[in-house]
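Produce the entire structure from the sequences given, and follow the hints as far as they go.
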Amino acid sequence: MNKKEYKKELKKLQAELVQLQSYIIKHGLKVVLLFEGRDSAGKGGSIKRIIDKLNPNHVRVVAKGKPTDAEEKQWYFQRWVKEMPSEGEIVLFDRSWYTRAGVESVMGFATQAQVSNFLEDCPAFEKSLVRQGVIVLKYWLSITHETQEQRFHERLNKITKRWKLSPMDLKSRSMWREYTKAKEIMFRETSTDHCPWYVVDNNCKRTGRLDLIRHILSQFDFERRNLEPKVLPPVKVHRCQPNPEFDGLWVN
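Heads up, the sequence shown is in full-length UniProt numbering, so the first residue is 1 and it goes up one at a time.
Quick caveat, the hints were computed from the structure, so don't treat them as lab data.
Some hints could be false.
As a list, the in silico EDC-like pairs of lysine to aspartate or glutamate whose alpha-carbon atoms are at most 20 angstroms apart [unchecked claim]:
no., residue 1, residue 2
1, 127, 223
2, 11, 223
3, 127, 83
4, 3, 52
5, 161, 94
What follows is the structure in structure tokens.
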């Protein structure tokens, strides 16, 4: 797909996302969009395209770092519960509670017992969210090892993207098989009828983003309308002359 075709289709889908958001606000829905995937899978870029045209007063992005000392002593899901959406709100998780099944498991930041407990508790946790009226859509953005290497190389050689390449990313390069095993266990234990996983092929960011947005839209029964351009009503304005007193405030 060339850039022109991509931009045209993205614009159309973003307009539908705006209509979906209006539907969510009107009906007081509580929506969680959760994104997981390997480093450089395109989670942040996908989220950016989803929220780009939305009303920022009714959408939030949650991207948490490592837990604080206080959070380490809490119930594991506690720091995530407080981020759940209110009525009429969409919350997008750029990584989520599933870090325990992924990076924490592979890198040894959690014990095997902690990982096992998480995998056992997670379906019940998500079922409780659904029972409370939260709509949870879980997406895994999938890429190949070759794609990851290519994107890491781009980050390393582009000054505006180099900040995205962390020491943890570099360490994970040699642990592809371990991450694959952790992902498969996570799918097996936590993809349920009430909260399934959806996998998006994101090797091509353009088609991946479009497929992702189409799938999100397909999960809601709302009316898609072709909105006609509107014209502002006439208004009388008494124009004022610029005040020279403030000439020095202008940015040149």
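Right, here's what the structure says about each hint:
1. Distance hint between residue 127 and residue 223 is unfulfilled; the C-alpha atoms sit about 28 angstroms from each other, more than 20 angstroms.
2. Taken as a hint, the residue 11 and residue 223 pair is honoured in the structure, with Cα atoms around 18 angstroms apart against an allowance of 20 angstroms.
3. About 17 angstroms separates the Cα atoms of residue 127 and residue 83, which keeps this hinted pair within 20 angstroms; it holds.
4. For a cut-off of 20 angstroms, the pair hint linking residue 3 to residue 52 stands: about 18 angstroms separates their Cα positions.
5. As the CA atoms of residue 161 and residue 94 are separated by approximately 18 angstroms, the hinted pair is consistent with the 20 angstroms bound.
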